[in-house]
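Engineer: Sequence:
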Amino acid sequence: MKGLIVSNMMSSCPDYGRYAQEVLAKQMDPVVLDSIRQIEARGDYANPRYMELLMLNFFTKHVCRLPLNEWMASQVQSGTYLHCPNGSHMNFYDDQATYFNGLIQYLKKVENKHRIISSGSL
Numbered sequence: 082m083k084g085l086i087v088s089n090m091m092s093s094c095p096d097y098g099r100y101a102q103e104v105l106a107k108q109m110d111p112v113v114l115d116s117i118r119q120i121e122a123r124g125d126y127a128n129p130r131y132m133e134l135l136m137l138n139f140f141t142k143h144v145c146r147l148p149l150n151e152w153m154a155s156q157v158q159s160g161t162y163l164h165c166p167n168g169s170h171m172n173f174y175d176d177q178a179t180y181f182n183g184l185i186q187y188l189k190k191v192e193n194k195h196r197i198i199s200s201g202s203l
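Residue numbers (the working numbering): 82 to 203.
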């Protein structure tokens with residue numbers, strides 16, 4: 082499973098790769114694992130089926146360990162989302178214009194909400 086995201090389980094990518102192959106892969110449904118490996122063999126990582134298979138059969142069992150419908154469902158009640166199309170896991174560096182514009186808008190929104198609550202207008 083070459084394309085899998087490395088979790089915090091260990092700091093060595095080669096060691097995690099071996100662990101994923103020798104331990105985690107053996108815990109998966111062989112039919113699902115075969116489908117995942119076929120997609121990886123084609124290098125078709127953008128295939129929506131690939132992420133669907135990983136989410137349902139790997140992430141829910143080995144990363145977050147919750148059913149998908151419970152991921153942050155009770156923890157984040159009024160969350161927001163900012164899409165940074167040119168970013169990665171380091172949006173503040175990769176897509177600075179989008180990230181910082183979104184961050185400033187969010188901070189102003191929070192500050193405004195705080196003012197309304199503080200003034201008793203809510």
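Think of the hints as simulated: they come from the structure by calculation, not from any bench.
These numbers come from a predicted model, not from an experiment.
From the three backbone atoms N, C-alpha and C, an ideal C-beta is built for every residue, glycine too.
Hints are supplied without guarantee of correctness; some may be wrong.
Said to hold, decoys possible - What follows is a set of in silico ranges between Cβ atoms, one per label pair, in the way DEER data are often shown:
1) Phe181 <-> Arg99: 38 to 44 Å
2) Asn128 <-> Trp152: 19 to 25 Å
3) Ala106 <-> Phe181: 37 to 43 Å
4) Lys189 <-> Ala106: 19 to 25 Å
Engineer: Hint by hint, say whether it matches the structure.
Structural biologist: The hints, checked one at a time:
no.	hint	in the structure
1	Phe181 <-> Arg99: 38 to 44 Å	holds (40 Å)
2	Asn128 <-> Trp152: 19 to 25 Å	holds (22 Å)
3	Ala106 <-> Phe181: 37 to 43 Å	holds (41 Å)
4	Lys189 <-> Ala106: 19 to 25 Å	violated (47 Å)
Violated hints amount to a single one, hint 4; each of the other numbered hints is respected by the structure.
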